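Each protein sequence line maps, in turn, to chains A and B.
Under our numbering, the residues of the first sequence are numbered 1450 to 1599, in order.
Under our numbering, the residues of the second sequence are numbered 101 to 367, in order.
If you are wondering where the hints come from, they were derived from the structure by calculation, not from laboratory data.
This one's a predicted model, so the numbers in the text were calculated from it and none came from an experiment.
Warning: the hint list may mix true and false statements.
Result set (DMTMM-like, lysine to aspartate or glutamate): computed pairs, CA atoms no more than 25 Å apart in a straight line [claimed, not checked]: (1) B/LYS102 to A/ASP1515; (2) B/LYS139 to A/GLU1464; (3) B/LYS257 to B/ASP226; (4) A/LYS1453 to B/GLU114; (5) B/LYS307 to B/GLU349; (6) A/LYS1572 to B/ASP276; (7) B/LYS108 to A/ASP1469; (8) B/LYS102 to A/GLU1464; (9) A/LYS1451 to B/GLU349.
Chain by chain, the residues run as shown.
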Amino acid sequence: MKVKITVNNQEKIFECTPSDYLLDTLRDNNYVSVRRGCDTTNCGVCTVLMNGKPVPSCSVLTVQADGKNITTVEGIQEEAEKLGKYFGAEGADQCGYCNPSLALTVYAMKKELVNPTVKEVKKYLVGNLCRCTGYISQERAIMKYLGDKS
Amino acid sequence: MKVSEYVKAKSLNEAYDLLRENKKNYIIAGGAWMKLSVKTADKLVSLDGLGLDQIVLKDGFIEIGALSTLGQIETNETIKKLLDGILVQATGNIMGVNIRNIATIGGSVMGKFSFSDIYPVLEVLDTKLVFHKHGEVELLDFLNNTKFEKDILVKIKIRNQKGKGFFKKVATTPLDFSIINVACSYVENRLKITVGSTPYIAKPCIKAMEYINGVKEITSEVIDKCSSIVLEEVKFSKNIRGSKEYREEIAKVYVTRGIKQVINYEG
């Protein structure tokens, strides 16, 4: 079957089966910044934005995304680079596998929450697991990024 | 779950007919846990586009469309104010924000999940379920019957009451299911108590509620006795997340705290 999905502001037609998940469809079509992690709705590493909201692409059927807007990290390049600089400065970058999903979730959070506290940031990001950093350096980087009004 | 055909229903009647025509046809809600299911669906019926994702305040009830996501509920201003925001506390601590943006209240209710954080809260609120064919059904009727499983949940109605609420989820990590969860409400001088994830599905603590709502004055001794009655009437057991004994100890502590919080006990 064919589905029409707008990915990073570009309208695309994807061929898929009713059982295909968005993660597989995106990766099969070279959107490889969308990473495969646990594949069981837990780790958040496959997160993309669907109509601006973070969702786990491993658990969204491709057909459910028909007619919707999907954003991968390439779609927020400028903001991702800005966040990446804070990650580098704070030593929050290690293997980098979770970075695209984290950048997307932080981007969505910035739009959703006004001047969030550290507690609110932690709660928002609880579904994005990182197995390298221990989260402290990420927390510092994200709070500085959120405070940067430039 | 393997899916042979995905059908976007044009009406609730069409969805209902498709659901009834074959045992292997299913309605998809958010689909958050579908991947873990070993079932095969001949037809997976989507209700997307039928307007079931709205939350409105109508005739004194908060009406939550069955396809409203947990994220929508968590950020709804009316629900935030309902009994100290207990429904927001319950939905807002289920997994991460990305899951809550796809998981729906309808899927959570129809799943009758024993670990549900939503059931204890719905049970201490004045909650009714509205089905396509069966119409309005009391929450406990739904829990105690299987006849609604092949009907379509359209919305959940919660009376917009003023009062106090308490919810506590005890879990090893924020991404884990509850080891135990406790909800209490205090509306018009009536206390309601439920304990869930015992590891069985939440049920109201009828005897404990009868006792505490029947006394003239709620004292420390009354609260202690009420908590003890909860332990007698609720069935606790062990599973991978906790032992029977641990659950009992924790339940007693949080039922006591919950009662004290909702009645503003300062003794």
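Practice prompt. List, from low to high, the hint numbers that the structure doesn't satisfy.
Written response: 9
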